[in-house]
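First residue of the sequence shown? That's 91 in the numbering used here, and the numbers climb one at a time after it.
Ranges of calculated distance between the beta carbons of each label pair, as one might list FRET restraints:
(1) Glu159 - Ser278: 32 to 42 Å
(2) Asp240 - Ser408: 35 to 45 Å
(3) Gly180 - Asp436: 22 to 32 Å
(4) Pro196 - Ser278: 22 to 32 Å
These are computed hints drawn from the structure, not numbers from a lab. C-beta atoms are modelled at their ideal positions from N, C-alpha and C, and glycine is treated no differently.
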Amino acid sequence: MRSGPAARIWVFGMASLIGAAGPLRAADVKPVSPSGALIVGPYTPGLLAGRFLYVSGQGAKDARDQYPETTAGQVRQTLDNVKTIVEAAGLTMEHVVYSHLYLAHPGAYDEALTAWRDYFKGRGPALAVLGVSRMPLDTPVEINAVAVTDLSLRREVRLPGSGGPGGSPDAVAAADRLYVSSCFGLDSSRQAPADSGAQTQLALDRMGAVLKAAGIGFEHLVFVNPYRTASLRGGDMDRAYAKYFKFGDTPARATIQVAHLPFGANVSFTGVAVMDLAARRSVRPKNMAPSATASPCVFAGDTLYCSAKSAFIPGPNSGIYASTVEMQVRYSIRNLLDGLEEAGMDLSNVVSTNVYLDNVEDFARMNRVYATYFKRPFPTRTTVQPQTPVERKQGDDDRWPMLEQISLIAVR
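Could you put the whole structure together from the sequences, leaning on the hints where they help?
This is the structure we're talking about:
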């Protein structure tokens, strides 16, 4: 994997040459790139878009280009790196309303969540926490964030006698939307039932209680991240999940199988909801059939949330055929463009992406292709390797395994 300064200059040289011909970004989207921010790919540290600031995933390196020795120190350093971007936008960490905390080591949760609680003094943003196999530069911790620009538009939601991981709120309402912390598939004694469907139901029932406490319901959800381990059967999860939503009008979704989850859980749900149902509208390109589990894209007011797309071929007998990560990235972005164009947008409207790589060794190769599709200022981005890489072997049906997925957020 390319990770040194030369690799960074090479990537950005390509991006500046190829991206220069792209469409212009909306005038009210402003980049935030403080001096000293570590940038290792074609992304912008922060983007202000309307009432929200989107912050790219930050690693745990300090000013000496080193990682602190302890998990607590790594979490604090990563949060300080996020803080540098937030403050460069004229905001404070109190403005942060949603974060993902990615951990590489399964034994790090207790220390990491204690450090999170200490940093935010038991308050802070809605928090999704999960474990992945690797991250760029092999950082042990990565954190991204969304902040609201007006503190008067921020409100915490907490269930009685409860709370999100790390002392975070169960959800945070900000402007026209609600960000929901991780809801785990555990019973009242923090045990995971043997049945995958039962675990899914426990997690979704908790999410339903959080939504109800905020005065809304499942129909308000616009985007959901189901994170599951290999121990949870995906088919059972989908059958239980579909019962909570209207067929063909489900939230956009990025279902990611991860290396591990906290508390011994095998599934968790986090997501975003719109407070006013009149501001919610699903978008489905004509080449994508209605689904019981995911809409291609869903609007929350002026913001479009699009499901994670891989390099599948839409239509009859769909599948993944490309053998390289470069070709799969091209197919994935082509599939995402279908949703954007159906919504009257294009790639110039994208403000944030998540890239899930099968193997972080493909990071530089992914960057080279990814950079050809976007113009500066690039969208913010978080990149992780969720689990152990698959065997790269063509199947009997001539299909290759999935090597990447990409989800996105766009603003018109």
